[in-house]
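A.B. asks: So the protein sequences, as listed, match chains X and D. Just so you know, we're using the numbering used here here: the first sequence kicks off at 4 and counts up by one. Just so you know, we're using the numbering used here here: the second sequence kicks off at 6 and counts up by one.
These are calculated hints, taken from the structure and not from any lab test. Warning: the hint list may mix true and false statements.
Partner residues are not named here, just some residues of chain D that face chain X (Cβ under 8 Å, in silico) [unchecked claim]: (1) P33; (2) I34; (3) I51; (4) V54; (5) V68; (6) S88; (7) S91; (8) E92; (9) P197; (10) S204; (11) Y215.
Residues on chain X that point at chain D, a partial pick, calculated with CB under 8 Å [stated by the list, open to error]: (12) R46; (13) R74; (14) T105; (15) Y238; (16) P240; (17) G242; (18) V243; (19) D246.
No residue lacks a Cβ here, since even glycine has one placed at the ideal position from N, Cα and C.
Each chain, written out:
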Amino acid sequence: MKPILNRPAGLTEAAFHYCPGCTHGIIHRITAEVMEELEILDRAVGVAPVGCAVLAYNYFNCDMLQAAHGRAPAVATGIKRARGEAVVFTYQGDGDLAAIGTAETVHAAARGENITVIFVNNAIYGMTGGQMAPTSLPGQVTQTTPYGRDTAAAGYPIRVCEMLATLEGTAYAARVSVDTPKNAAAAKAAVKRAFQNQLDGAGFSIVEILSTCPTNWGLSPVDALAWLRDNLLPYYPLGVYRDCKKEAAV
Amino acid sequence: MEKLMLKGNEAIAEAAITAGCLHFFGYPITPQTEVAAYMARKLPKIGGVYLQAESEVAAINMVIGAAAAGVRVMTSSSSPGISLKSEGLSYLSGCDLPAVIVNIQRGGPGLGGIQPSQSDYFQATRGSGHGDYHLIVLAPGTVQEIVDLTRRAFDLADKYRVGVMLLGDGVLGQMMEPAVIGEYTPAVPAKPWALTGASGRPKNIVNSLYLDPEELERTNFERFRKYEQIRRDEVLFEEYQTEDADLVLVGYGAPGRICRNAVAAARAEGLRAGLFRPVTLYPFPSEALKKLAERAKRFISVEMSMGQMVDDVRLAIECRRPVDTCLRTGGVIHTPAEILEKIRACAKEEGLI
Ligand SMILES: Cc1ncc(C[n+]2csc(CCOP(=O)(O)OP(=O)(O)O)c2C)c(N)n1
Ligand code: SF4
């Protein structure tokens, strides 16, 4: 048999623990492929979050650290400031990045910290069993919003790329999705850009990737992709929200 | 060697730099201000990194990142800030990373005050975050000792891959005294575990997660074997007129200094008083104190807190002798006279006068 897809050098042999149909796996693969293509695996240092991707330190084939919940951008800052030649990235969920770690995220961006952030937005807390996330949609049913997210009581979702795009320190902020092969290809291009920016010394680069959580959304993998398209895409439009290189070129 | 007039807080910063610490992450708070200000002035000029973080939470996580990347790194704060760093200190310890943490204590609880205090003794010696871990805790009593212990802190951190806390108080931080900085060769071991990029070697992982209970238990046992060695090999203390003492004061930091005067005054009255000054608070010098209990009649724990170290004194002497306390708190500093008064009262109760 001829393998259709080889495992990228950026991934170890360890088998993913992600649920069937979860797009965390695709996002890992994209990140790994980009690191391989940019030939940075021997100087990459990744920071894993607390969340479903907590074991990412076992999956990425480069030096890895497992940070406290939400603190990955601060840890990445310490690594990058100590070892400027390293290519430092964080991989974080929405609870990690936009709730408990909001301060660390915003200030790493404000400082223009020269790191790359892979932000997986699945609009829910996956690991802890499906609670409301800062990105859960109005009306979305979760374990802790059993009657739907009531914005009068639970407030509104945070659009991270739009928020960070207001900061001078943000070099690049793009929202992508991996729900179709075409979108996945665009996602990979954005991730590559976010790493290339770091190599070019451009500053803080974040790629927000809309992702599924079939398990906690209570949907089959196929229905989860449809739900993402029907609900997340309208609320979280894909696009580039800030691109300092483009601005410089204009 | 040349003696310099140095403020305690500045001595910490200068000593750290001479120990090879070129990375500092902090968040402003009184009364440690001069540590950070000194670093902000010096580090950028010598190729180092000073970074003012958005919070103490972020600062300690930056320390974690830099320590994991293999460099000597320090953060400095005061009581409320150390509370915020506690999460990070737990992760630092769970990851076996070396770093130096300064706490120039102020009064609490809550926002408390900004005057000197020792009410973070429990927080420092018990490991303030979650889980089974300790920091080595060093408590200097003079500016010279600040210099020496700051350097030692970095060497100990690297030797054992632990967090080392330099525990001071506002008195020590603000005090000016002559001290010798002098030459010093830091003892930096190789760090093959550091995250430097996996070039020419298998990948490294810095981690505190162990989903298998047996494995987590094993790592905790291993870490505590390390603490055992530290308890055996790294205990520091100073004794003053304890050889024949009936009454032994136990005090560290600023009260440790004031106790000296009280002991001298008591001796002038014919009372056989002495001072035992712990320099390492973790490991606590229990053995040496226990030995004193063979002869001494009574111990007096002198603390700027509601009485925290007194527990360690009682544990050390296994409650064989009465232990009194002489306590000020909230930022109030003992006078030698009130300590002397306490010595007299204890002497009376022991039938010595
Ligand atoms: C300080 C702290 N608070 C809470 C938790 C529990 N916790 C673990 S993962 C998680 C949420 C993760 O959700 P998200 O970041 O959205 O990632 P996902 O699991 O969806 O990929 C929480 C609250 C923790 N580990 N630490
Ligand atoms: S719980 Fe959700 S986010 Fe986590 S692995 Fe399963 S599907 Fe993916």
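A.B. asks: To test your reading of the hints: which numbers does this structure violate?
C.D. replies: Hints 1, 2, 3, 6, 7, 9, 11, 14, 15, 16, 17, 18, 19 are the ones this structure does not satisfy, whereas the remaining hints hold.
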